[in-house]
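Hints given; two lone chains; assemble the complex.
Those sequence lines, one after another, are chains A and B. Here this note's numbering runs 28 ahead of the position in the first sequence, where the first position is 1. Take the second sequence: its letter number 269 is residue 266 in this note's numbering, and every next letter is one higher.
Source of the hints: derived by calculation from the structure; they are not laboratory data. Heads up, the beta-carbon is just placed ideally off N, CA and C, and yes, glycines get one too. Heads up, some of the hints might be wrong.
A few chain B residues facing chain A, derived, Cβ under 10 Å [to be verified]: (1) Val66; (2) Gly70; (3) Ser71; (4) Ser314; (5) Pro319; (6) Pro336; (7) Leu340; (8) Lys343; (9) Val356; (10) Ile357; (11) Met360; (12) Gln372.
In silico DSSO-like pairs for lysine-lysine, Cα to Cα no more than 30 Å straight-line [what the hints assert, rightly or not]: (13) Lys259(A) / Lys268(B); (14) Lys270(B) / Lys259(A); (15) Lys269(A) / Lys275(B); (16) Lys259(A) / Lys343(B); (17) Lys269(A) / Lys342(B); (18) Lys342(B) / Lys259(A).
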Amino acid sequence: MRLEPRTKVPFVLVILAPIAAIAASFVLCAGLVAWSGASVLEAYGLLLKGALGSGFALSETFARATPLIFTGLAAAIAFKSRFWNIGAEGQLYAGALIITVLGTGMLDLHPGLMIPILVVTSAVAGALMLLGPVLLKIHFGVDEVVTTLLLNFIVLLLVSLLLEGPLKDPMGLGWPQAEPVIEAAELPRLFQGLRLHSGLLLALLFSVIFWIVSIRTTLGYEMRAVGFNQKAARFAGMPVKRVMIITALISGGIAGIAGFSEVAGMKGNLTLDLSPGFGYTGIVVAMLAQLHPLGVIISASFVASIFVGADAMSRSAGVPSYIADVMVSVSLLCMLVSVLLVRFRIRWS
Amino acid sequence: MKRSEIDISEKQPASEVVLRLRGITKVFGSLLANDDITLELKSGEVLALLGENGAGKTTLMNILFGHYVADSGSIEVFGQSIQQGSPHAAIELGIGMVHQHFTLADNLSVLDNVMLGTEPLWSLSSNRRSGRLKLEELGERFGLQVNPNACVAELSIGERQRVEILKALYRNAQILILDEPTAVLTPQETETFFETLKKLVSGGLSLIFISHKMQEVLAISDRVAVLRDGRLVSELKTLGASETELAQAMVGRNIELPERKALIAGESVLKLKSVTVKAEEGRPALSSVSLDICVREIVGIAGVSGNGQTTVADLISGLVEPQSGTVELHGEVVNNFTPRNMLHKKVGRIPEDRHSQGVIGDMTLAENSISECYQQPQFSSYGWQNQLNRQRFAENVVSKFDVRGYSANSPVRLLSGGNMQKLILGRVLSGNPQLILANQPGRGLDVGAVAYVHEQLLAARENGAAILLISEDLEELLQIADRIAVIHRGRLSESFPRESISIAELGLLMTGQQKTPTTNNQSTEANAS
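Here chain B stands alone, though its shape is the one from the complex (with noise of 0.2 Å):
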C-alpha cells in the first residue's frame, strides 16, 4: 500500500488539539488496561493506535467514547471536558465511533438506520426528508455513495462501512474513532476505504485509527501512538518511522518467526469431490467443491468472512453432511458426519470460536483437556470417570503445550484466549491426529502466541500431519501454508502454490474476480487429482 499523492501530513502545520486525553487509568480486576495514558489528537490529523490484541487500544476508545468510566484522569474536546460514562455526551461533543463489529439494523433501510436515534422517541412525525438530503449531501461530500433505501441485510461488508460512517457524520462528527476498521476488508477495498479516509481528513475531521497492522498504519497515519500491556509506549511522526521500528515498540521483545522447512507432501489424506452443502441459518452454502489436502502439507482456505469457511469447517468437523458429492479421508469415502465420527478417523479440529464451540468455560481445565476422547477407557471404566488419569494427561498437556496462569482444576473461562487456544492445541494434538482442521487459529491471539500455534502446526506438518488452515490473514495463510485456494460465494478456487501466488491476486480471487471462469478450474483440478 503506498501513500497516495495528496500527503496529508505535508499540509499546513495544523496545531491546534481536538482532543486531550489525560492521564486514563482502568482497571479490570486485576489487569491493568490502560495505564496512565496521555494522548493528544490535533485538528485534520490521522492518528494511528497501533497495538497488539490486548494491549488496550479498544477498552481507551471505549472509555473515550463513553462506554466505559476511566478509574482516574481527564478527557477534554474543544477544549471542554467531557462527561465519561455516557456515548450521547460523546456523540454531542463530535465524537463518532465505527466498531469494529458493525452496529446496524440489518432489517431497516440505511436512512433509517442512520437517522435512528437522532429524532425525539416522542415525537409523532420523522423528517425524513430532510434526513434523505443531509445523507445524499455527506455522500456527495466524502464519495459514500449508498442508496438511502438499500435495506442493510443486503448490503456488502463494504457497504455497511460506508454506513457506519455515513451514521457518525450524520450526527455531525469532528473526530473519528475507527476500531480495526480493515479487518473485514478484502485488500482492494482497503485501498478504496483509504481513499475515502483521506476525503474526509480534507473535510476537516479528525481521525483515530486502531490496528494492529503495521503497513496499514504506515501508509494512512500522520502519527503513530503504540500502546502496549497498557501503557503508551512510543509515539512518533510515521514519516521516516519503519515497520521493525513499529514491531518492536508493539512487541516489546523477539518474537521469532517458526521455520518452515521443505518437506515433500505424501499421500492424500483428505479429499473432497465436488461436495455441495445446501445453506442454512448461519451457514452459508457451498457448491461442488474440490479439494485435495495430502501428508505433510498445509493448504490454506482464503476468503472473505461468510463466503462459505464455516460451512467447510462445518463438514470436516462432522457437524454436517454433503448433500452431494463425496469426502474421502484416507481413501475411504466418509458416510457418517458426526463429530464423533471424524474424530474416529483421526481428525483433529481447532474450532473457530474458542469460548462457544472449542471449550466449555465453566468446567475445568482437566475436564475440557479429555472432552473428546472422555469415553477412553483410561479415563471411563464401567460409567466412573477415572479422575486420576484425566488430572494426570491435563497437567501433561498443560506442561507440554505451556498453558500458563491456571491450574488443572481451575476453570477454563478464567483462561486468556491465547492459552485458551493452547489447551486446545494441546487437546487436538495429543490425539495425535493425521488431519487437523484450524479455522482461524490466530485470530484474538497476540503476536507470540500466534506464532506457538504456527509453530505447533508446522511441527505436526513434520510429524506428516495434513492440515486445512481457514483464515482471513493472507499473511498467515502465506507464511505457513504450502497451497492457497480462495472460497468466494461458497465456490471454492484451485489452489496456487504459495510461491506463484501474490496478496493481490488472492486479493481479486476473494472478491470473485478471475480471469478463467471457476467452474473450469475446479474441474481441472478434479481431473488433475
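Extracted from the complex, chain A is given alone in its bound form (with noise of 0.2 Å):
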C-alpha cells in the first residue's frame, strides 16, 4: 500500500470529505455508546436535539461556541505564521483578570464607551503575554511551545491567588470568586432569557476582520510569506522578526478578549472553572479549520454542538458525559484522515 499524490482535486471530494470525517466519528464512537449502555440511535438522536433541536439549544451551543471561536482564531493566526501559541488559555484568564479589575467598579463610563474599552484592554492583557514568548523565541531561539504552555501555570496560579486575596467578592459566600462586571460592562443579551450573547457578533466580526486582513492588506500578504516559508520571506528583504512580533501580539490579543467575552457576556464574574480548557480546545477547532479565520467559525460551532449535545444526552441516556471529549477527538483525528485522503490516493498493490 502507497501513498500517491491526487493531480487534480475533484471539488465535490473537498466538499464531502469533513461531512465523510464527521459521519465516520459519530460511526467509531458508537461502539462506545453501546458499551456505557445506550442504544446509540436514540443517544445520538438526544445529542442532535440537545445541541441543535431548540431554541434554547441553540443559545446554548452558539454562546459555547463564542470562546471557542476566539481561541480558535487566536491559534490558527498563530499557526498559520508557524507559531505555535500554545498558551490561549493563560491569555484569556489574563484578559479576564484586567477585565475584572477595571470593570468591577473602577472605571464607570456609558456602556458605548465602556465595552469598547474593555475589549481593547483585554486583548493588550492577552497581547502582552505573548510578548515575552515571541521575544525570547527570536532573540534566543527559545522554544514557545514551552514558554507559552508553562505561561497557562502561572497565570491560572496568579488568578487563584487573586480570587482568594485582594480580588475575593466578600459577598461571594467564601468562594474563590471576584465581583461581578458593572451593569455597563456587561455585554448585551441577544435574545430574552437566553444565554447567547453579543460576545458573538465580536467574534464572527473578527473572524471575518482577520479574514480580510490576511487576503487584502500588505500586513496579511508578509504573515503567510513568513507563514509558508520564513527562509524566502527574509531572503525577499520582508521584516520576518516584526511580522512574528505582530502576529504573536494579534494572536495574544483575540485570546484575550475571549476572557473578556465570557466575564462580560456569560458568567458576570471571574471564577477558577471560567474556561474548561477553551484555549487547549481552540487548537483543535483551528486545526479543524484547516487555519482558515472563516473555517473557525464553523469548526468552533461544531465541537461546541458536541460538547452541548453530549451533556444533555449524559443527562437523558446516562452515557457520561466524557464521551463528549473523546467524539471530538476522534472527529479531529478523522479530520485529518480525511485531509491526507483529499491529497493523496492510496494506491493498493
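Spelled out as C-alpha cells, the structure:
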C-alpha cells in the first residue's frame, strides 16, 4: 500500500471529506455509546436534539461556540505563521483578569465607551502574555511551545491567588470568585431569557476582519509569506521578526478578548472555572478549520454542538459526558485522515 | 578526457546479459516519466544513460533499485525476475547504487557506514573484525583505499564517494548504478574516479553510468542509451559516436548558444576589500576575500561546492555581514547588511536554492512576482495590497520572461524548475538591478532553460549591469564569464580573463594547488584595484 499525490482534487471531494469525517467519527464512537448501555440511535438523537433541537439548545451551543471562535482564531493566526501559541488559555485568563480589575467599579462609563475600552484592554493583556515568548523565540531561539504552555499555569495560579486575596468577592459566601462586573460592562444578551450574548457577534466580526486582513492587506501578505516559507520571506527582504511579533500580539490579543467575552457576556464574574480548557480546545478548532479564519466559525460551532449535545445526552440517556471529549478527539483524527485522503490517493499493490 | 590504454570495449565480446528492463512505464500524475523503456546491460559493460534533467534517468534507476514501482514492465537480473519496490530485493540480487547525494551517516566511521544494515538488528555481537578484513581486501583489490576508522564527516567528497562504492561492493554488488557521480568532483578527481571504474569493470562488475555530460560519457562508456522526455530515443555504441550526435539525440532540437558580444567594462560596481566572514552552521568562512566587478562585466566564481560560495552569495544578498573588510557598491561602503538594503542599492539576487529561498511555493505566481517590491506604492497603499497592479505586473513578467504552464493565480510550487527560474529572473530583472548575483542559475535546468538564463544574463550585461556568477560548472563559466576567480577553503584567487585560463588550470586551483601562494595574488589584486 502506498500513497500517491493527487494531481487534480475534485471539488466534490473537498466538500464531502469533512462531512465523511464527521460521519466516521460518529460511527467510531457508536461502540463507546453502546458499551455504556444506551441505544446508539437514541443517544445520538438526544445529542442532536440537545445541540440543535430548540431555540434554547441553539443558544447554548452558540454561547459555547463564542469563546471557541476566539481561541480557535487565536491559534489559527499564530499557527499559520508557524508560531506555536499553546497559551490561549493563559491569555484568556489574563484578559478576564484585567476586565475584573477595571470592570468591577474602577471604571464607570457609558456602555458605548466602556465596552470598547474593555475589549481593547483585554486584548492588550492577552497580547502582553505573548510578548515575552515571541521575543525569547526571536532573540534566543527559545521554544514557544514550552514558554506559552508554562505561562498558562503561572496565570492560572496568579488568578487563584488573587481570587483568594485582593479580588475575592466579599459577598461570595467564601467561594474563590471575584465581584461581578458592573452593568455598563456587561455584553448585552441577544435574546430575552437566553444566554446567547453579543460576544458572538464580536467573534464573527473578528473572524471576518482577520480573513480580509489576511488576503487583502500588506500585513496579511507578509504574514502568509513568513508562515509558508520564512527563509524565502527573509531573502525577499521582508521584516520577518517584526511580522512574527505582530502575529503573536494579534493572536494573544484575540485570546484575551475571549476572556472579556466570557466574563462580561456569560458568567458575569471571574472564577477559576471560567474556562473549561477553551484555550486548548481552540487548538483543535483551528486544526479542524485548517487554519482558515472563516472555517474557525464552522469548526467552533461543530465542537460546541458536540459538547452541548453530549451534555444533554448524558443527562437523558445516562451516557457519561466524557464521550463528548472522545467524540471531539475522534473527529479531529478523522478530519486529519480526510485531509490526507483529499491530497493523496491510496494505491493498493 | 582521453580513453585510457585499457580499452574495455575491445575485450572479449561479453554477451551474457546481466540485467534486462522490459517495457518500463512510470507515470507521475500527468507526467510520463518513463515511457516503455527496454534496456539490456551485458556483463562487464559500462552503459551510459544520457539525458537532460527531467528526461527520466533517475526515475528509471530508482525503479531498478526498488525505490519506485513501475506502472508496467518487468526487470530481470541474471535471468531472475525481481520483486519491484524493494531496495532489499535489489541488493540481494547484486544491484548496488551510488546516489548523487550521498547516503552516509556523517557521525559514524567508514567501517560502521559500510556495515550498517548488513547485520541483523537484534544480534548482540557485531563481527567487525571480518567486516574490516573484507573492507580492506576490497579496497586493495579495486584501489579504493580509505581508512576504515576515519569518521565520514572528516572525509573529502572524493573519499566519501569511494565509501559509497565500497558500501555497494561490500554487499556483493555485481551491477553498480552511478547517478551523476562526477557532479561533485573536480576535473582531476574525475580522472582518478574513471581509473577506479575501469578497475571495477576488470574486476567483473557491470556499470550503469548516469550523466548529462557528453565528454564523460564518451570517455568511459561502451554503449550509450539516450533518454528524452521519458523515452529511449537512441541506443548506440560509444566507439564512433560523436558529441554532436549525442547532443542532438539528447536535446532533440537545436539549441542556439547565446551570443556573447565583446564589451568594454566600465567603472567598478562592487568592490570587496579583504572581506572576512567567520564560519557558522551551514556557512563556511571567508578569509580576506577581495573582488572587483565592473559595469558590463560578468565575473565568475568557480569552486567545489562548500568552499565558501554560499557565504559570498549570502554576503551580497544581505544575509550575513562581514567581520572585517569592506564591501563597496558604487564606491559607497555598505554598512547595513540586510536583504532590503541590498535591494534598495539595486542588487538583484538569483538564489542558489529556488525552492527554499527563491520562491514561496504555496503562494501564487502573482504574489511571488512582487515579493521583493511589494511595499512600493503601486502595490501597497495605506497597508492595502493593490491586487490589480500586482496582477498586471505578474502577467507582464509571465509574458516577457516566457513563464509557461500556469496562470498568475496558480501556486508557484506547480511550476517546473525552468519556469520557476524564469519567474525569479523576471522578478530580479524587472527591478533594473545594477549588480546581479546569480548563484548556480543553471542548476537542475534543461539545456534550453540554461541557454535562456544565459541569454538574459548576457542581455543584462549589455545593458550595463555588473554580474557575479557563482557556478560549479566550469563550462558555464567559460561560456559567459569575462573573468573567473576560484574559491577554495574560503579564499578567493585572483581573477583570470576567460581567454587566459583552461579547464585544467581551473581544476588545479579548485583543489587548492597553485604556483604562487594565494595571499600574494590577493595582495597584488588589491594593489592593482
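These are the hints, each one checked on the structure:
A cut of 10 Å between beta carbons decides the hint on Val66(B): the least distance to chain A is about 6 Å, and the hint holds. Taking 10 Å as the C-beta contact cut-off toward chain A, the hint placing Gly70(B) at the interface is violated, the least distance being around 14 Å. Nearest Cβ of chain A to the Cβ of Ser71(B): about 14 Å, over the 10 Å cut. The hint is violated. Because the beta carbon of Ser314(B) sits about 7 Å from the nearest beta carbon in chain A, less than 10 Å, this interface hint is met.
For Pro319(B), the suggested interface contact is broken, since its CB lies about 19 Å from the closest CB of chain A, more than 10 Å. With 10 Å as the threshold, the beta carbon of Pro336(B) comes within range of chain A, its nearest partner Cβ sitting at about 4 Å, so the hint holds. Taking 10 Å as the C-beta contact cut-off toward chain A, the hint placing Leu340(B) at the interface holds, the least distance being around 5 Å. With a least beta-carbon distance of about 13 Å to chain A, the hint placing Lys343(B) at the interface is violated under the 10 Å criterion.
For Val356(B), the interface hint holds, since its Cβ comes within 10 Å of a Cβ in chain A; the closest pair sits about 6 Å apart. The criterion of a C-beta within 10 Å of any C-beta in chain A is met by Ile357(B), whose closest approach is roughly 4 Å, and the hint holds. At its closest, the beta carbon of Met360(B) sits 6 Å from a beta carbon of chain A; the interface hint therefore holds under the 10 Å criterion. Taken as an interface hint, Gln372(B) checks out: its beta carbon lies about 7 Å from the nearest beta carbon of chain A, inside 10 Å.
Restraint check for Lys259(A) and Lys268(B): the C-alpha separation of about 27 Å stays at or below 30 Å, so the hint holds. Distance restraint check for Lys270(B) and Lys259(A): the Cα-Cα separation of roughly 28 Å lies within the 30 Å cut-off, and the hinted pair is therefore satisfied. Distance restraint check for Lys269(A) and Lys275(B): the Cα-Cα separation of roughly 23 Å lies within the 30 Å cut-off, and the hinted pair is therefore satisfied. Taking the CA atoms of Lys259(A) and Lys343(B), the gap is near 21 Å; set against the 30 Å cutoff, the hint holds.
Distance check on the hinted pair: Lys269(A) and Lys342(B) sit about 22 Å apart at the alpha-carbon level, within 30 Å; holds. Using a Cα cut-off of 30 Å, the hinted pair Lys342(B) and Lys259(A) holds, with the two alpha carbons roughly 21 Å apart.
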